[in-house]
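A.B. asks: All chains, full assembly: derive it from the sequences and hints.
For reference, the chains in residue letters:
Protein chains: 2
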Amino acid sequence: MAGLSDRKQKILQAVVTDYIQTAEPVGSRSISRRYKLDLSAATIRNEMSDLEELGFLTQPHTSAGRIPSQQGYRFYVDALMGPPSLTRQEEVYLANVFTQLQKMREIDQIVQQTAKVLSVLTSYTSLVLGPQFRHSAFKQMRLLPLDEEKALVVLITSAGHIKHRVINLPQALSSQELSQIVSYLNEQLAGQTIENISATRLRQLRSDLYARIDLLSQLLQLLEESSTDGEGRVFLGGTSNILNQPEFKDVEKVKHLLTLFEEGSRLSFVLETSSEGVSIRIGTENVITEMSDCSLITATYQLYNRPVGAIGVLGPTRMEYSRVITIIEHIASHLNFVVRDL
Amino acid sequence: MAGLSDRKQKILQAVVTDYIQTAEPVGSRSISRRYKLDLSAATIRNEMSDLEELGFLTQPHTSAGRIPSQQGYRFYVDALMGPPSLTRQEEVYLANVFTQLQKMREIDQIVQQTAKVLSVLTSYTSLVLGPQFRHSAFKQMRLLPLDEEKALVVLITSAGHIKHRVINLPQALSSQELSQIVSYLNEQLAGQTIENISATRLRQLRSDLYARIDLLSQLLQLLEESSTDGEGRVFLGGTSNILNQPEFKDVEKVKHLLTLFEEGSRLSFVLETSSEGVSIRIGTENVITEMSDCSLITATYQLYNRPVGAIGVLGPTRMEYSRVITIIEHIASHLNFVVRDL
DNA sequence: ACTTAGCACTCTCTGTTTATGAGTGCTAAA
DNA sequence: TTTAGCACTCATAAACAGAGAGTGCTAAGT
Chain G
1 MAGLSDRKQK ILQAVVTDYI QTAEPVGSRS ISRRYKLDLS AATIRNEMSD LEELGFLTQP
61 HTSAGRIPSQ QGYRFYVDAL MGPPSLTRQE EVYLANVFTQ LQKMREIDQI VQQTAKVLSV
121 LTSYTSLVLG PQFRHSAFKQ MRLLPLDEEK ALVVLITSAG HIKHRVINLP QALSSQELSQ
181 IVSYLNEQLA GQTIENISAT RLRQLRSDLY ARIDLLSQLL QLLEESSTDG EGRVFLGGTS
241 NILNQPEFKD VEKVKHLLTL FEEGSRLSFV LETSSEGVSI RIGTENVITE MSDCSLITAT
301 YQLYNRPVGA IGVLGPTRME YSRVITIIEH IASHLNFVVR DL
Chain L
343 MAGLSDRKQK ILQAVVTDYI QTAEPVGSRS ISRRYKLDLS AATIRNEMSD LEELGFLTQP
403 HTSAGRIPSQ QGYRFYVDAL MGPPSLTRQE EVYLANVFTQ LQKMREIDQI VQQTAKVLSV
463 LTSYTSLVLG PQFRHSAFKQ MRLLPLDEEK ALVVLITSAG HIKHRVINLP QALSSQELSQ
523 IVSYLNEQLA GQTIENISAT RLRQLRSDLY ARIDLLSQLL QLLEESSTDG EGRVFLGGTS
583 NILNQPEFKD VEKVKHLLTL FEEGSRLSFV LETSSEGVSI RIGTENVITE MSDCSLITAT
643 YQLYNRPVGA IGVLGPTRME YSRVITIIEH IASHLNFVVR DL
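Protein sequences appear in the order of chains G and L.
According to my numbering, the first sequence is numbered sequentially starting from 1.
According to my numbering, the second sequence is numbered sequentially starting from 343.
Everything labelled a hint here was simulated from the structure, so no lab data went into it.
None of the values given here were measured: they were computed from a predicted structure.
Quick reminder that beta carbons are idealized off the backbone N, C-alpha and C, glycines included.
Among the hints, a few may not be true.
[Unchecked claim] Taking lysine to aspartate or glutamate and the DMTMM-like style, the derived pairs with C-alpha atoms no more than 20 Å apart in a straight line are:
#1 Lys-103(G) / Glu-566(L)
#2 Lys-481(L) / Glu-329(G)
#3 Lys-255(G) / Glu-224(G)
#4 Lys-139(G) / Glu-195(G)
#5 Lys-597(L) / Glu-247(G)
#6 Lys-103(G) / Glu-491(L)
#7 Lys-249(G) / Asp-592(L)
#8 Lys-139(G) / Glu-491(L)
[Said to hold, decoys possible] Computed Cβ-Cβ distance ranges for the label pairs, DEER-style:
#9 Thr-441(L) / Glu-187(G): 29 to 39 Å
#10 Gln-451(L) / Phe-98(G): 23 to 33 Å
#11 Asp-250(G) / Ala-532(L): 52 to 62 Å
#12 Gln-100(G) / Glu-618(L): 52 to 62 Å
#13 Thr-259(G) / Ala-532(L): 39 to 49 Å
#14 Lys-591(L) / Gly-82(G): 37 to 47 Å
#15 Pro-246(G) / Ser-621(L): 34 to 44 Å
#16 Thr-259(G) / Gln-451(L): 16 to 26 Å
#17 Asn-538(L) / Phe-98(G): 30 to 40 Å
#18 Ala-23(G) / Gln-513(L): 52 to 62 Å
#19 Asp-380(L) / Thr-259(G): 40 to 50 Å
#20 Thr-58(G) / Ala-365(L): 37 to 47 Å
#21 Gln-442(L) / Asp-147(G): 24 to 34 Å
[Stated by the list, open to error] Calculated from the model, a selection of chain G residues having no Cβ within reach of chain L, i.e. all distances over 12 Å:
#22 Leu-37
#23 Glu-52
#24 Gly-65
#25 Ser-69
#26 His-164
#27 Glu-177
#28 His-256
#29 Asp-293
#30 Phe-337
C.D. replies: So, in structure tokens, the structure goes:
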């Protein structure tokens with residue numbers, strides 16, 4: 001991938017920019033008209049022909065304008081893309097959103113609102129993965145007796161996650177025994193991350209307390225489920241936005257994406273495995289085949305310097321990369337604060 | 343709306359049945375062929391012409407077959423529809439689902455799974471409104487100190503709803519004072535439904551405890567939010583199913599529905615206001631204009647003989663009413679058990 | 001050695017025409 | 001009252017022509 005001549009880069013940039021705006025194949029004449037490159041259409045034609053040879057552009061058919069190829073987009077985001085910038089309006093909007101988010105107390109609400117904002121601002125579809133329970137450390141477990149038969153068990157992690165569940169109390173248990181069991185568990189598990197409380201460890205605890213197996217297994221089940229509940233932690237925003245994209249005017253294409261949107265586990269997998277910081281995956285760079293006509297831009301957010309969740313924007317490969325990246329960066333970095341103050 | 347002659351009813355039924363299956367305007371000949379009414383096409387034509395005059399059928403254009411009008415569907419579901427029935431396969435599937443649902447402990451999980459099942463079985467889009475917090479009665483409020491500054495407050499209703507929130511403790515408060523405040527609140531609020539704990543009542547409490555206003559308002563905020571958090575309690579299933587319906591092959595039509603699906607509060611409103619038992623709303627009988635090409639079948643489910651939530655199926659007016667109603671009834675009645683045992 | 005103007009050629013898109021076929025409404029006979 | 005027959009209507013699909021945008025190539029200009 002030797003260096004492209006300066007002129008070729010300028011032309012490639014013009015093609016990508018134009019195509020992002022218009023969604024129409026862009027011809028040599030419109031470039032020489034709209035962008036002040038001081039070159040005739042014929043020259044540009046020659047260069048475009050070269051760029052196609054090199055794999056940066058494609059032609060839908062012989063006598064049409066050019067469209068950026070996946071490789072073309074890649075080069076664009078890596079080297080050509082304009083500097084990130086927000087309009088004054090967008091900045092104001094974001095500032096408002098941030099103060100609003102700051103006030104919310106429920107994590108679900110925050111995540112959902114974030115998804116919505118992200119989609120409204122970008123006009124694409126947004127994905128937000130809430131903070132992952134299983135990455136945070138076990139802090140303590142509490143038992144709140146409700147009546148003779150039932151108690152509420154509350155699981156608290158160091159990251160402030162809280163999960164509760166009603167369990168049935170074995171009749172024969174004194175309240176003293178109860179608190180013994182709980183404090184034993186607290187001792188054993190304190191400080192470990194939820195995902196590291198492995199099955200073997202749980203098995204061992206089970207044998208330690210085999211006399212109280214009925215109660216214990218209810219408590220442990222809560223833990224176990226917490227470490228594996230990947231499903232359903234992803235919130236979407238602006239799913240209908242994809243319908244505004246001309247590349248999805250065909251219902252068949254939409255269907256695949258829509259169906260994908262219903263598969264929470266696959267979505268959360270994509271976000272979980274996205275690398276730290278901002279990542280841009282164009283077309284088939286996405287592992288998910290349904291996304292091979294799309295680009296996905298993601299960013300992670302941190303809690304105590306560990307990535308605990310991610311946000312993303314999904315649009316056609318013909319996406320306003322620069323704008324989206326800026327917005328995503330802003331929101332992700334703000335999310336760091338929101339999550340910490342929770 | 344005088345009685346339709348027996349023959350007219352049979353023909354109307356044939357048209358509706360046929361159209362539900364094929365989605366094509368149905369002509370007089372295909373009826374005389376496919377349904378053994380022992381009438382010639384010409385006779386059927388005359389009858390159909392009458393039925394159109396009466397408003398039960400419409401013609402997309404002069405020389406096309408007939409399509410049931412909204413009134414036609416209404417008559418069909420009120421008087422003509424075949425008896426509800428499930429295939430053996432569906433029954434088995436339902437039985438499996440039920441045992442699965444029975445095992446789940448998290449209400450969100452149950453609701454989501456119900457939505458999924460409902461959409462898979464019907465091939466339409468499903469809406470499920472989770473049990474409403476605000477209809478159940480206040481039972482008790484507990485405070486779990488976490489550390490010096492923070493405590494977890496847990497709100498428990500008689501229906502078993504549980505909600506928690508971390509609040510900041512005013513430093514100056516002894517644990518004794520704390521428990522006094524909490525038990526005072528418990529006394530004052532016990533037994534009232536969340537939605538009836540009105541603003542005036544809350545104001546009164548506020549003045550009673552004005553010395554501890556900072557703590558109190560945090561506690562009361564939790565209550566207040568609980569009584570008004572209509573938003574977001576609706577889960578959808580099979581949203582992509584609408585794309586399989588030929589009436590939605592046009593992207594524009596889909597867009598309106600898709601956008602509606604993102605407006606949780608409007609959806610929950612529809613479900614909340616649906617009457618007890620099974621209700622069928624056809625076309626413009628739906629208040630929501632986006633649904634005017636659709637039919638919505640809903641059913642409520644109960645807890646202690648009070649409706650606390652609802653499930654629904656949304657499809658084109660050309661919907662398999664009989665089948666969907668049966669399925670919805672089964673699932674709703676089963677949900678009664680699941681919710682009670684929670 | 002580039003760059004550019006000119007030109008023939010290609011291919012899509014749009015509008016028009018034409019043919020086909022399903023289905024109707026009406027009339028007249030059974 | 002039912003039915004057979006027939007002319008008529010309208011949507012849909014196929015075939016076709018013309019326009020327009022854009023290309024590639026060639027030859028002339030710098």
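A.B. asks: All the hints need checking, so say for each whether the structure fits it.
C.D. replies: Now for the hints, and whether the structure bears them out:
1. Lys-103(G) / Glu-566(L): The given pair, whose Cα atoms are some 15 Å apart, holds under the 20 Å limit.
2. Lys-481(L) / Glu-329(G): With a Cα-Cα distance of about 44 Å, the restraint between Lys-481(L) and Glu-329(G) is violated, given a limit of 20 Å.
3. Lys-255(G) / Glu-224(G): Not satisfied, since the Cα-Cα distance of roughly 35 Å exceeds 20 Å.
4. Lys-139(G) / Glu-195(G): Cα-Cα ~13 Å, so holds.
5. Lys-597(L) / Glu-247(G): Holds. Lys-597(L) to Glu-247(G) sits at ~15 Å (cutoff 20 Å).
6. Lys-103(G) / Glu-491(L): 19 Å, holds
7. Lys-249(G) / Asp-592(L): 8 Å, holds
8. Lys-139(G) / Glu-491(L): With a Cα-Cα distance of about 16 Å, the restraint between Lys-139(G) and Glu-491(L) holds, given a limit of 20 Å.
9. Thr-441(L) / Glu-187(G): 29 to 39 Å: 37 Å, holds
10. Gln-451(L) / Phe-98(G): 23 to 33 Å: 32 Å, holds
11. Asp-250(G) / Ala-532(L): 52 to 62 Å: Taking Cβ atoms as reference, Asp-250(G) and Ala-532(L) lie about 59 Å apart, which means the hint holds.
12. Gln-100(G) / Glu-618(L): 52 to 62 Å: Given about 37 Å between the Cβ atoms, the range is violated.
13. Thr-259(G) / Ala-532(L): 39 to 49 Å: Hint holds: Cβ distance 48 Å, inside 39 to 49 Å.
14. Lys-591(L) / Gly-82(G): 37 to 47 Å: Since the Cβ atoms of Lys-591(L) and Gly-82(G) sit about 39 Å apart, the hinted range of 37 to 47 Å holds.
15. Pro-246(G) / Ser-621(L): 34 to 44 Å: 40 Å, holds
16. Thr-259(G) / Gln-451(L): 16 to 26 Å: 21 Å, holds
17. Asn-538(L) / Phe-98(G): 30 to 40 Å: 36 Å, holds
18. Ala-23(G) / Gln-513(L): 52 to 62 Å: Holds - the Cβ-Cβ distance for Ala-23(G) and Gln-513(L), about 60 Å, lies within 52 to 62 Å.
19. Asp-380(L) / Thr-259(G): 40 to 50 Å: Distance hint for Asp-380(L), Thr-259(G) holds at roughly 46 Å.
20. Thr-58(G) / Ala-365(L): 37 to 47 Å: 38 Å, holds
21. Gln-442(L) / Asp-147(G): 24 to 34 Å: Cβ of Gln-442(L) to Cβ of Asp-147(G): about 28 Å, so the range 24 to 34 Å holds.
22. Leu-37: Nearest chain L Cβ is 37 Å from Leu-37(G), so the label holds.
23. Glu-52: 31 Å, holds
24. Gly-65: The assertion about Gly-65(G) holds, with a minimum of 24 Å to chain L.
25. Ser-69: Answer for Ser-69(G): holds, closest chain L Cβ roughly 26 Å.
26. His-164: Contrary to the label, His-164(G) does not stay out of reach of chain L, its closest Cβ about 6 Å off (not over 12 Å).
27. Glu-177: 20 Å, holds
28. His-256: Not fine: 9 Å to the nearest Cβ puts His-256(G) too close to chain L.
29. Asp-293: 16 Å, holds
30. Phe-337: 17 Å, holds
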